[in-house]
Amino acid sequence: MKRHIPGLSAAAKTDLPVLLPPPAPRHHAGVLNFSHWLASIPPWAPFVLVLVAMLLPSLALAQDGATTKDSPFTVLLRWIPFLVTKGFVYTVLISVLTMLLGTILGVILGIGQVNPNRAIRSVSYWITQIFRNSPWLVLLFIVMLSFPFRIEVFGLTIPVPDWSKAVIGLALPVMANISEIVRGAIGSVPSAQWEASESLAFTRRQTLYQIILPQCIKRMIPPWMNWYAILTMATPIVSILGVEEILNLTRQAIEAENNRPELLIPFYGFVLLIFFAYCYPIARLTVRLERRFAVKL
Amino acid sequence: MKKLLAATTALATGLTGITASAQECTNDAWNRIMSSGTLTVGVKADYKPWGYRNTDGDLIGMEIDMAKDVADTMGVDLELVAVQSSNRMQFLEQGKIDLMIATMSDRADRREIVGIVGPNYYTSGTNMLAPKALNFTEWEELRGRPVCGKQGAFYNQVVEERYGAEVVAFIGNAEAKQALRDKKCVGFVYDDSSIMADLASGDWEDYGMPMPTEDDNPWGLAVPKAEENCVFGRFMSGMQYNWHKDGTLVELEKKWGIQSTAYTASQHERFKDWLSD
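Chains as they are written, first to last, in full-length UniProt numbering: chain P, 1 to 297; chain E, 1 to 277.
It should be emphasised that the hints constitute simulated quantities derived from the structure, not laboratory data. Possibly wrong hints are sitting among the right ones.
Below, a list of computed lysine to aspartate or glutamate pairs in the DMTMM-like style, where the Cα atoms sit at most 20 Å apart [as the list claims (entries may be wrong)]:
#1 K96(E) x D162(P)
#2 K86(P) x E79(E)
#3 K86(P) x D56(E)
#4 K245(E) x E269(E)
These numbers come from a predicted model, not from an experiment.
Please model the entire structure based on the sequences and the hints provided.
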């Protein structure tokens, strides 16, 4: 009986246990990540989309032979300075301040979630869970309706503008999500580092602030920026509560132009583009930083 | 037992004391406006030509002119706050605005919340912008059919309850009109004066205003409820009376290109100074 040698005189197979190559990942980690999705859009795509959409109504208008009225595009050009300076600036202001407030509170809450004290830990945990799992609009409604519109301190009247209430309302869910990012980042640092620093006579506080957190910062930057992009995209919901930001002012501009329905696509298309132009670079940067800071184990 | 009775009596007297003082005029809002030197008026920013924005972002319109006249008469600065149909009464209740002139129909349920003082400065009825091809003549024909409307308008409910139409309410007029053009609804229920302005613009040639105008409803400006029968409320009644008397409202209608209504003309006639000729 002739013996075959696998791989030489026979097919390369064996019944001995072998180490198989690792299975290909079923899905990419970034699939569920907003920034990855946004950064994967080719930058020209929204512009082409809006341009095509804008052609349709203007073609319809040309057939009407209406020459007495300005074309939708001329009307839009007239309103762009107003929409950007009075509307989009507020959107950016709201998103930046919200992120600032949300980050400060979120970091405190996140560190609270890993506190050795059980009471602090569970309070931080529940605050995080409650605000992370509540609809943003509901939180906004509660804040907008329960906060005063002006505060009187020692006869001094401080007005509380609507947009500042929107900042507080939006900061609550952002805070909870940043808290989870901080908790996750602290947890992602190998626990051996805690033990090593303890053996070097670092206190818990020193370990956290001098060893663990500095390593967390670069891990937190990509998800933090991801949340900033999500937040910016979500700010138009404050228009439901009458805060004067770009979406509300766009609606008022359409009204001032006699509600001509052919204005809807150019105006809302412009809003889409300005948001894209602002968030797209952030998303690309996020993806780049993510690659650069990718944790190698 | 005696003690309990005494306590109850004391409590009851205390309570009546509170109610009695609530009806007295404290004129809080009026005094605050006068001491701060600023009158904050809630106006529409989405209701051309009563209240809307120019390209610089300033609020302009017929009601803004009226607000200016109020501030000038009081001798204070004017601050305008853009309100929406859905939040205008809350803003006044909270004290965010001192006065509301925001195309609001004067309804009994609204009078319970805010202080609407007469004489009403304007009136409008409900009608519908609909394609001529549908040949509507009666509101009854709307039963079970989709009708577009604007959020916050009281007649949405009227059309739904009285005629069984299915109202689809949009956030803006442009959205509602686009839906009408896309044939998502058989008509757009709105103020008759506004519909007339649309029809006059020439963009709606195949459309008409086929229904008999319904619910001709006066518009009311409003002061905070506590001020209704006090200085501020009385003062606003006087302002409106004078606007009718000297024909300011008729002139403003002309200025803002609003089709002159029989109401302002008749009120001008009614309140005319009997000594003038």
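Hint check results:
1. At most 20 Å may separate the alpha-carbon atoms for a hinted pair to count; K96(E) and D162(P) meet this at roughly 10 Å.
2. Between K86(P) and E79(E) the alpha-carbon distance is near 17 Å, which keeps this suggested pair within the 20 Å criterion.
3. For the proposed pair K86(P) and D56(E), the alpha carbon gap of about 9 Å is at most 20 Å, so the pair holds.
4. For the proposed pair K245(E) and E269(E), the alpha carbon gap of about 8 Å is at most 20 Å, so the pair holds.
Comparing the model with each numbered hint stated earlier shows that all of them hold.
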